[in-house]
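Student: Here are the chains, one letter per residue:
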Amino acid sequence: MVVDSEVVLDVEAFRAEFPALRQQVRGFPLAYLDNAATTQKPRRVLEAISRFYERDNANVHRGVHELSVRATKLYHEARATVASFLGAERPEEIVFLRGCTEAINLLAHSLGSRLRPGDEIVLSELEHHSNIVPWQMACERTGAKIRVAPIHDDGTLDLEAYRGLLSERTKIVSILHVSNALGTINPIREIAEAAHAAGATVIVDGAQAAPHLPIGVRALGADFYAFSGHKVYGPTGIGALYGRYELLEELPPFLGGGDMIARVTFEGTTYAKPPARFEAGTPNISGAVGLAEAIRFVQEIGLERIGRWEETLTKLAHEALGDIPGLTIHGPKDRKAGVVSFSLRGAHPHDIGTILDTQGVAIRAGHHCAQPLMARLGVPATARASFGLYNTPEEVQALARGLEEVRRVLGL
Amino acid sequence: MSDLRELYQEVILDHNHRPRNQGELPDANAVAEGHNPLCGDQLTLYLKVEDGKIADIRFQGCGCAISTASASLMTEAVKGKSVDEVREIFHRFHALVTGEAEGQEFFDEFDSLMALAGVKEFPVRVKCATLAWHTLQQALEGGGVASTE
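In order, the protein sequence lines correspond to chains A and B.
Oh and the first sequence: position 292 is 292 in the working numbering, straight run, nothing missing.
Oh and the second sequence: position 87 is 1087 in the working numbering, straight run, nothing missing.
Excised from the complex, chain B in its bound form:
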């Protein structure tokens, strides 16, 4: 049960109920769609990239609490970051949710992302937590459709 409380902690529920940066971005210059065929989650990510940095980011879509909260937390974490920094954060985040790294020291700067550390006890939910990130990577690589499969 404590694993469950760890997974569905307050931050996650809050971001699920009131996702940040949700909606379309009219002046987006990079867009990508993400699908998780396993559960039918899907989201569209809108980016405004300026001078190699993410100037603005929004997402739309429907999904479970984990994928919605993860998308919401991600938009907050990457706004203002350079493309290279984003790649590095994703790398660490992936290690965090798959349990490959403790990640604590990586995330001093991104405290809120640590809220998703509980996912590592639920391997089938890793794809929910990483869907938004895979979609972000897709958008930065030129758009199209990302799939967790």
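Okay, chain A solo, but in the shape it has when bound:
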């Protein structure tokens, strides 16, 4: 395949901004193809974090001194940056949390407190454990039930079957935007429309979408949308939950503590308005600052361009891997986001991962925290290569060469 120069980013220039990419692993140049697990961080994100600690570090809110004023300003600006990234109407619709997992736990707790026996929560077969387990815990507390929307064999959602699950009992539809295990992009707009028609609240797990697609929460029809900073070239330990403001206002708090209150006496507490209501304790200020810088970085390049580049790499990978005897690629052929999940007959993914690593190629092998999906595909695990904006066609070739080595070492 000829790489379309129209869509080619100046990859080498971007690569130079990522210190971790410039290293040898076991004598080979690192080919980091594990971006769906976490991305590397550009220098400007690392610098924003250390600049904050070197110059502006103080606790936020209510501080009267200069440093606290600066830290508070940076924290608020970060919130506004995330709001514009997601297409929210106002910064107050953004709650800073540890990541997507905490966001879904918050919703399963706070939104889940309204569930009654017989109520239903609709998930899909594609879900990550982080969008399954919190709901199972909510069901144990409330007597609500989980219904699971099936997928087709190609890893795309069976929309008709999904619609068939919806009824007046459906209170929540919680579904991922992009599958971390297969790269499938879910048609959120259609999913949300049908859910709203049934009177359900729509939660979107955007952990895997945020690095690859432009997101407009309003246009998508998401009532809540969660993502993690570390998958968008930002630091670990910070993520955000978007919630339509009127929904956040009605929502009871999750964790109690400082900063989430309006007034406390031993007789009782009045909670603060959102987003403060959901941010008990000192927040991850440096994380928010780093995340905002990461978002500015991807926005300057443009998510459309990043998405097109990753699509190019994905196509190259399908071509390069398609000819390898015994290799099956799981999930959709196209319309997917930067993930190539595969099996090689006679080779367990874990062995594939080890052998590729000896050639500097970093992939992930395992169930990708989606065991129900693995069961649906009829495999114990898969090997997964996942791309980011800094990956190159040469790295895709290194993967293909590495797989030939896998076949040789394992005698396939």
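Don't read these hints as lab results, they were simulated from the structure.
It should be emphasised that the depicted structure is a prediction, and the values quoted were computed from it without experimental measurement.
Do not take every clue at face value.
[As the list claims (entries may be wrong)] A short, non-exhaustive set of chain A residues, derived as facing chain B with CB atoms under 7 Å:
#	residue
1	H350
2	T358
3	G366
4	H367
5	A381
6	V409
Even for Gly, the Cβ is constructed at its ideal location relative to N, Cα and C.
Given chain A, work out where chain B should sit, using these hints.
Tutor: Just chain B now, with coordinates in the frame of chain A:
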């Protein structure tokens, strides 16, 4: 690359492709399940223990080449051994795959287990090599589920 050849040597590939003592054991009197949450490997181990000795042993499950070969080699090594001997072999085997002991002199009797010595160069794969052994220990201690985590 030589580390890799050491890891995936002929004995390992052979036991991976044609595992010995695979299947259920209808008259088993001790059973345990093992999981490696890291990679999703899982196996069920069936034991027939008589007079403090492992009279028969079989395993079922799916896993990587290292965990499958290790389970297969283990069943051959422990059959006919007493529970105390098994504990001692595991102790030495663990030292071998973690690189804590050279182990050569320990394993004159169990030459085939030496095939897994290459694992010590791949610390993340130690759990694959020891899953069957942890499961065996679990079975001897009364059954249940063993996890490498």
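Student: Does T358/A pass the interface check with chain B, least Cβ-Cβ distance below 7 Å?
Tutor: Because about 5 Å separates T358/A from the closest Cβ in chain B, which is inside the 7 Å limit, the hint holds.
Student: Taking the least C-beta to C-beta distance, is G366/A closer than 7 Å to chain B?
Tutor: Constraint on G366/A satisfied, holds at 5 Å.
Student: Restraint: A381/A near chain B, CB-CB cut 7 Å. Satisfied or not?
Tutor: Constraint on A381/A satisfied, holds at 5 Å.
Student: Holds or violated: is the Cβ of H367/A closer than 7 Å to a Cβ in chain B?
Tutor: holds (4 Å)
Student: Per the CB criterion, is H350/A less than 7 Å away from chain B?
Tutor: holds (4 Å)
Student: Quick one, is the V409/A hint okay against chain B at 7 Å, beta carbons?
Tutor: holds (5 Å)
Every hint, counting from the list given before, is met by this structure.
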